[in-house]
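Could you build the full structure based on these sequences and the hints that come with them?
These are the residues of each chain, in order.
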Amino acid sequence: QKEVEQDPGPLSVPEGAIVSLNCTYSNSAFQYFMWYRQYSRKGPELLMYTYSSGNKEDGRFTAQVDKSSKYISLFIRDSQPSDSATYLCAMSAVDSGYALNFGKGTSLLVTP
Amino acid sequence: NAGVTQTPKFRVLKTGQSMTLLCAQDMNHEYMYWYRQDPGMGLRLIHYSVGEGTTAKGEVPDGYNVSRLKKQNFLLGLESAAPSQTSVYFCASTHPGNQPQHFGDGTRLSIL
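As given, the protein sequences belong to chains G and D, one line each in that order. Using the numbering used here, you'd call the opening residue of the first sequence number 1 and step up by one each time. Using the numbering used here, you'd call the opening residue of the second sequence number 113 and step up by one each time.
Hint data in this document are derived by calculation from the structure and do not stem from the laboratory. Hints should not be assumed to be uniformly reliable.
[What the hints assert, rightly or not] Below 27 Å or equal to it, Euclidean Cα-Cα: the simulated BS3-like pairs (lysine-lysine) are:
id: 1; chain 1: D; residue 1: LYS121; chain 2: G; residue 2: LYS42
id: 2; chain 1: D; residue 1: LYS182; chain 2: G; residue 2: LYS42
id: 3; chain 1: G; residue 1: LYS2; chain 2: D; residue 2: LYS182
id: 4; chain 1: G; residue 1: LYS42; chain 2: G; residue 2: LYS56
See below:
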């Protein structure tokens, strides 16, 4: 079993919908939590970065981390067709050189 | 400011051939990483380096070697390529501590 679990989808929503993406993990040593967005044939692009538990908001994006439940979420408000991409959750710990442990990614399609 | 640059972008090899993938970063980052991305598997860590002259194994290191002779460069070598090494390879870098990783756009490698 992978340390990080993420539903691969695909997830299809209409433009303007609120999108909820989530990951669960098993390693309690993880302290740093990230969401990356990846377009086809491109490298992962950082969307949100959170240290430890709590919420973080940036424009239409909100990231939540619940370390007690080992659960992280990304919410996208007023979704746009340009948000169509694969969303990767990732997390890291100090004792492994901050190397990232990724979920498998969720494919999102926002239809006009 | 180029960020993380990977060379080459595409390559086709025959089984048994060797090659080196180059990663260069211009952000003066201490830590560098090599990941591979396969369908249904997500990104997995191959090797990483926490400084010039140091390397460490990740989740899937077999069949690969790495070198970090200069702080800005991290090389990934395949000594005897196998079809199972067909993948997209991503390099990333970061400062240690509370900083996210920055990714290159990947090298697509096919081994026949």
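The hints, checked one at a time:
{"no.": "1", "hint": "LYS121(D) / LYS42(G)", "verdict": "11 Å, holds"}
{"no.": "2", "hint": "LYS182(D) / LYS42(G)", "verdict": "26 Å, holds"}
{"no.": "3", "hint": "LYS2(G) / LYS182(D)", "verdict": "33 Å, violated"}
{"no.": "4", "hint": "LYS42(G) / LYS56(G)", "verdict": "25 Å, holds"}
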